[in-house]
Amino acid sequence: MYEDNLNSQEKSIRNQLVLKFNKMLKSGNYIYFDSNDIEKIIDYYLEKKDEKKIQYAFNLYEKIYPFSQQLKIKKAQFLLFFDKASEAHKILEEVQSTNNEEYLFTLASVYSKLNKHKESIRIFEKLLNLNNDSQEILSILANEYQKIYDYSKSADLLEKLLLNNINDMNWYSYIITCELSKDLNRSLCFMKNYLKSKPYDYKVWFYLGIIYQKMDIHLKAIESYDFSICIKEDYIPAHINKAESLSEIGYYQKAIDCYKETFQFNEPDAISYFEIGELYEKMDNLDKAKLYYYKCIKKDENFAEAWYTLALILDLQESPIEASYHINKAIDINSSNIDYLFTYAQINEKIGFIKEAEIGYKKVLEIDESDSESWLSYSNLLYKNNYTIEAIEVLKKGVKLNPKNAELSYKLSIYLFNSGNEIQALSFFEKALSIDYDLHKYFLYKFPNLKDDKNLLHLLSKYEK
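Everything in the sequence shown is counted per my numbering, starting at 2 for the first residue and increasing by one.
Bear in mind the hints are in silico, worked out from the structure with no lab data behind them.
There may be inaccurate statements among the hints.
As the list claims (entries may be wrong) - With a cut-off of at most 16 Å between alpha-carbon atoms, the simulated EDC-like pairs for lysine to aspartate or glutamate come out as follows:
#	residue 1	residue 2
1	K183	D151
2	K148	E180
3	K255	D227
4	K363	D340
As the list claims (entries may be wrong) - Label-pair ranges, simulated between beta-carbon atoms:
#	residue 1	residue 2	range
5	K193	E465	58 to 68 Å
6	Q318	F264	21 to 31 Å
7	D369	Q318	26 to 36 Å
8	F68	M216	55 to 65 Å
9	K398	K447	14 to 24 Å
10	K117	F82	49 to 59 Å
11	M216	N8	41 to 51 Å
12	K193	S153	12 to 22 Å
13	E319	S428	38 to 48 Å
14	D134	F68	52 to 62 Å
15	K385	Q318	20 to 30 Å
These numbers come from a predicted model, not from an experiment.
Glycine included, each C-beta is placed from N, C-alpha and C at the ideal position.
Based on the sequences and whatever the hints tell you, model everything.
Okay, here's the thing in structure tokens:
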């Protein structure tokens with residue numbers, strides 16, 4: 002249950018047992034195994050996730066030790082490992098009431114899998130008392146308390162754990178727990194007190210920075226990251242997070258410098274180049290941004306977001322043909338990203354590739370039928386290319402799927418008015434007014450020819466607030 006990693010001698014013994022077991026299976030000749038040896042064989046095949054071999058081992062176990070309580074516990078662990086918690090629970094019910102720690106640990110784990118977290122907690126608390134604050138059980142209990150939304154108790158346990166076990170995952174779990182309980186000040190106080198006794202712990206300075214960053218106190222976050230870097234200059238996460246905080250308060254060039262400082266310790270990766278590109282973009286230095294996005298792609302040609310962002314910049318710089326190449330590359334990597342598909346449609350529309358643009362809008366709407374911008378853009382593409390009937394049908398479908406979207410109903414009513422179908426137009430206009438009255442001003446501003454329609458004016462007076 003609380004087994005450490007096997008040393009080389011133990012591994013060698015276990016491997017010999019596995020060989021002996023396999024020889025028995027091949028020959029069909031029965032060999033006697035000690036119960037502990039069979040458990041080692043089962044553990045080996047659990048690691049390999051070889052359900053068939055595990056079952057053979059259990060068959061042997063049952064043949065030699067048919068009344069073993071340990072056999073039942075081991076079988077329950079096996080079932081739990083393969084997500085068969087209900088079956089595991091039935092097996093454990095056959096075990097006589099016991100204070101055997103392995104039994105209790107397995108039963109508590111089964112209750113957790115069955116979402117009976119209070120029962121699980123009760124048993125793990127008992128185990129914690131028996132095991133003098135075991136780090137493994139502290140960690141599990143903290144997680145169990147999170148599952149019943151008792152974040153304060155979870156934080157208590159994690160603090161106890163952190164005083165004895167400086168583990169990155171424990172720190173992250175602690176920060177998230179305090180954040181969920183809306184009590185980041187608690188984590189702030191704990192870390193400050195911790196640093197009084199261990200002022201040169203660069204990782205805790207780093208985690209303190211994360212807390213300040215989450216609280217939007219970025220100058221304090223930067224100060225904490227600086228302490229971390231001062232203690233361990235090559236601790237890259239502190240440089241990266243410092244760059245993020247600098248970016249948040251508008252110091253884009255300083256943030257870029259932070260990223261570049263990491264290059265002396267590690268070869269820059271695609272993400273670093275991408276982040277620098279984004280910072281140059283925020284500074285409106287699009288040529289520099291492009292340079293770093295291309296560096297990103299050179300590092301990782303499957304970095305779809307870099308291809309996409311380059312497409313946006315090239316489109317903005319009135320280079321739609323180049324933009325088209327780049328957005329196609331992004332879609333080749335991720336064909337279900339709505340932003341990529343919408344941009345693909347927009348760029349092709351700009352070039353004049355109507356069919357390709359239509360395909361793009363259709364794919365977006367297949368993925369997200371509530372995307373009003375795509376319904377409007379798709380219908381507008383058809384309408385301005387004299388496919389009026391098709392544009393109306395597209396919007397009718399959009400309105401049917403999104404009955405509470407006033408924008409779609411207004412746009413549909415405009416198309417119907419302009420095509421001479423005033424009765425239907427008024428019906429959809431009234432529907433839109435009932436959802437969002439004020440939005441009509443925008444549409445009448447865009448289509449001033451409808452301002453004097455008597456029936457429309459009558460509807461406006463009817464719904465006027």
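How the hints compare with the structure:
Distance restraint check for K183 and D151: the Cα-Cα separation of roughly 12 Å lies within the 16 Å cut-off, and the hinted pair is therefore satisfied. Note on K148 and E180: the hinted pairing holds, with a Cα-Cα distance of about 15 Å set against a maximum of 16 Å. The straight-line distance between the Cα atoms of K255 and D227 is roughly 13 Å, inside the 16 Å bound, and the hint therefore holds. Of the supplied pair hints, the one linking K363 and D340 holds, its CA atoms being roughly 13 Å apart against a limit of 16 Å.
Look at K193 against E465: about 59 Å separates their beta carbons, and that is inside 58 to 68 Å. Checked against the given bound of 21 to 31 Å, the beta carbons of Q318 and F264, roughly 28 Å apart, stay inside it. For D369 and Q318, the hinted distance range of 26 to 36 Å is satisfied, since their beta carbons lie about 29 Å from each other. The hint said 55 to 65 Å for the Cβ distance between F68 and M216, and at roughly 60 Å that hint holds.
Judged by the Cβ atoms, the range 14 to 24 Å given for K398 and K447 holds: they are separated by roughly 22 Å. The beta-carbon spacing between K117 and F82, approximately 19 Å, falls outside the hinted interval of 49 to 59 Å. Roughly 45 Å separates the CB atoms of M216 and N8, a value that falls within the hinted 41 to 51 Å. Look at K193 against S153: about 19 Å separates their beta carbons, and that is inside 12 to 22 Å.
The hinted window of 38 to 48 Å between E319 and S428 holds, with their beta carbons roughly 42 Å apart. In this structure the supplied range 52 to 62 Å is violated for D134 paired with F68, their Cβ-Cβ distance being about 35 Å. Between K385 and Q318 the Cβ separation comes to about 24 Å, which falls inside the hinted range of 20 to 30 Å.
Violated hints, listed in ascending order, are 10 and 14; each of the other numbered hints is respected by the structure.
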